[in-house]
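Trainee: Full structure from sequences and hints, please.
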Amino acid sequence: MYQNSTDSIPYLLLCFLIGFGNLLSISAAPMDVNAEGDGLFLMEQQRAAYGAFDLARGEPSLGNSAGPFHSPRPVPKLQSHIWDQLANNGLNGSVFTLAAAGSDLYVGGEFTQTADGSVTNLRNIARFNTITNTWSPLTNNGLVGYVMEITVVGEDLYVGGSFNQTTDGAITDLGNIARYNLTTNTWFPLPNDGLNDDVLTIAMSGTDLYVGGSFSQTADGAVTNLGNIVRFDGANWSALPNNGLETYVSDIAVAGSDLYVVGIFNRTADTSVILNNIARYDISLNSWNALPNNGLNNSTWALAVVGSELYVGGSFTGTFDGTVDLNRIAKYDLAAHVWSPLANNGLNSVVYTMAATGEDLYVGGMFNQTVDGAVVSNWIARYNMSAGTWHPTSNGGLAGGTFYHVVNDLEVIGSDLYVGGDFTRTADASLTLNFVARYSPSPPASLPDTGFHPGVISSLPTQPDERAFSRYGEIWLAIPRLGIEVPIVGVPRVNGEWDVRWLGNQAGYLEGTAFPTWPGNTAITAHVWSANNSPGPFVDLKRLRYGDRLQIRAWGQVYTYEVRESYLASPGSLSPLRHEQYDWVSLITCERYSHLADNYVFRRIVRAVLLDVSSESAMTLKEWHKFDAVHTFQ
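My numbering puts the first residue of the sequence shown at 1, with every later residue one more than the last.
Hints were generated in silico from the structure; no laboratory data involved. Heads up, a few of these hints could be off.
Okay, the calculated beta carbon distance ranges per label pair [claimed, not checked]:
{"hint": "1", "residue 1": "155", "residue 2": "456", "range": "56 to 62 Å"}
{"hint": "2", "residue 1": "191", "residue 2": "372", "range": "37 to 43 Å"}
{"hint": "3", "residue 1": "431", "residue 2": "374", "range": "43 to 49 Å"}
{"hint": "4", "residue 1": "133", "residue 2": "494", "range": "36 to 42 Å"}
{"hint": "5", "residue 1": "457", "residue 2": "325", "range": "57 to 63 Å"}
{"hint": "6", "residue 1": "133", "residue 2": "155", "range": "41 to 47 Å"}
{"hint": "7", "residue 1": "442", "residue 2": "592", "range": "25 to 31 Å"}
{"hint": "8", "residue 1": "598", "residue 2": "121", "range": "19 to 25 Å"}
{"hint": "9", "residue 1": "266", "residue 2": "185", "range": "29 to 35 Å"}
{"hint": "10", "residue 1": "601", "residue 2": "139", "range": "51 to 57 Å"}
Here the structure is a predicted model, which is why all the values come from computation and not from measurement. Glycine is no exception: its CB is placed at the ideal position from the N, C-alpha and C atoms.
Mentor: Set out below in structure tokens:
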């Protein structure tokens with residue numbers, strides 16, 4: 001998203017999107033099993049080099065014939081974060097928009113190369129691989145003109161902005177909007193040579209794209225009366241009723257059968273419907289509708305739908321009728337149809353972008369504190385939607401920049417928040433961040449301690465509220481070879497560590513790694529020895545062999561994984577938490593208690609990859625164990 005430095009007319013606003021990737025099957029050769037019965041025994045030093053430590057960057061995936069297999073549960077919230085410079089010192093110019101497709105982050109704006117000059121031909125659009133941490137250009141060396149919006153639709157990027165051709169001149173007549181196929185890496189113009197002025201936002205509803213900006217017709221003049229918003233069905237452009245909207249459309253969000261549209265406008269283009277900077281378009285009835293209190297009293301730039309609530313950001317200070325004070329950010333209840341202010345009277349300057357993750361809403365713009373001055377955070381802040389509280393980001397937020405001095409767009413990939421804008425450093429000047437940055441959970445000091453002193457009954461203190469486990473509903477771990485079937489709870493990371501002392505006979509998902517059943521690397525732990533001086537659920541984890549099966553059962557789906565490796569790691573090793581592109585599970589527990597040191601010397605790591613997703617059945621653990629025994633090593 002892109003805008004000037006005033007409080008009124010930006011050029012690009014938030015596009016919030018989620019890319020879906022297809023799960024690929026994984027195969028690996030069997031590994032040697034040692035004679036001591038320790039499973040697939042490999043010391044960590046013997047293993048191949050790992051990628052850098054990385055908490056989850058997975059995302060929902062679409063499955064096979066079993067249907068979608070992303071799970072309807074909250075994404076773990078971000079906590080204990082650090083700012084991280086992207087490779088090659090970032091980029092050499094402003095970033096206006098971000099979009100995720102699998103493990104790739106697509107970045108649009110006004111730049112030509114990385115900040116260090118080592119990766120060139122990135123003119124205004126670039127690909128950043130979040131796993132390899134590398135930049136690469138798109139075909140034809142990018143686009144001539146600003147890129148203000150990128151939306152992922154299946155295997156395609158739809159790119160909007162102010163451009164007409166690729167940098168090398170090979171593809172022309174793009175008319176401010178183009179399609180880029182991610183499989184063939186090819187640019188394509190849209191019908192009628194695109195649109196006749198800037199494209200600022202693109203949203204998908206069903207099979208139709210809705211495009212907003214500052215245009216009035218297609219570039220060839222064949223389709224008119226578009227009034228800054230238009231529907232594209234993949235082949236044809238069509239005007240919305242009342243000839244669209246006057247002046248300017250900056251963002252579009254989809255909520256069920258409705259579009260919510262914001263920008264700078266007071267009415268439809270034919271002047272028949274008064275709307276005031278925000279409107280609801282009923283797709284099924286093909287009609288425009290005003291929101292309560294006659295809308296908002298100033299320009300509106302960003303939208304984020306979170307459940308039954310719509311968060312709205314912009315330059316406004318209240319509803320248009322003056323009855324509700326809403327300083328630059330507001331919450332609109334989609335069911336009750338009422339406006340509500342956020343805590344601390346909102347923010348003291350413009351909001352241009354928002355992105356939700358779990359209970360948190362990250363907000364970017366030009367502000368530096370809440371209106372009442374209680375929370376100070378420059379250009380980016382975190383709002384906890386459950387508690388209704390504002391929180392500063394690390395290092396005081398962001399600062400610097402060259403002209404616009406602003407956070408333009410936010411994109412969540414797994415547990416990482418990617419931030420784009422016109423900034424060059426953190427607010428405390430401790431870290432250089434050129435126009436794009438990653439805000440990530442800080443690495444833990446070590447893997448969790450999952451065992452108690454054998455031969456001793458250990459007393460436990462009361463579990464503090466901040467270390468309370470998350471309950472996700474019906475989610476279970478089953479390992480038939482070990483006779484295990486236990487519920488999975490979420491273990492929060494507090495002060496950089498996971499405290500699992502209160503797990504008992506439950507398995508603990510280490511929050512911040514990929515959520516169970518999502519692509520990435522899901523870390524799950526359980527006790528090897530319990531506080532009551534009895535074996536824990538993972539006491540025999542080392543018995544698992546290559547080819548053994550385990551299941552995660554969640555929300556009516558059964559996710560079957562196959563063991564690929566088992567090894568010992570030191571407690572301080574973070575390699576078991578390394579990111580994976582596909583859906584992996586890493587089971588972790590303690591091993592080899594030292595009476596001399598009064599601790600466990602190693603951590604046992606068993607890693608398994610997703611093989612199959614099916615609907616939940618009435619098959620018992622005993623029946624599934626029999627099935628697994630027949631199919632193992634086939």
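Trainee: Compare the structure with each hint and give your call.
Mentor: Structure-based check of all given hints:
1. 155 x 456: 56 to 62 Å: At 58 Å between Cβs, range holds.
2. 191 x 372: 37 to 43 Å: Violated - the Cβ-Cβ distance for residue 191 and residue 372, about 51 Å, lies outside 37 to 43 Å.
3. 431 x 374: 43 to 49 Å: Violated, since residue 431 and residue 374 (Cβ atoms, about 26 Å apart) do not stay within the stated range.
4. 133 x 494: 36 to 42 Å: violated (28 Å)
5. 457 x 325: 57 to 63 Å: holds (58 Å)
6. 133 x 155: 41 to 47 Å: violated (24 Å)
7. 442 x 592: 25 to 31 Å: holds (29 Å)
8. 598 x 121: 19 to 25 Å: violated (58 Å)
9. 266 x 185: 29 to 35 Å: 43 Å Cβ-Cβ, so the 29 to 35 Å window is violated.
10. 601 x 139: 51 to 57 Å: At roughly 52 Å between Cβ atoms, residue 139 and residue 601 fall inside 51 to 57 Å, so the hint holds.
Taken one by one, the earlier hints fail for this structure at numbers 2, 3, 4, 6, 8, 9, listed in ascending order.
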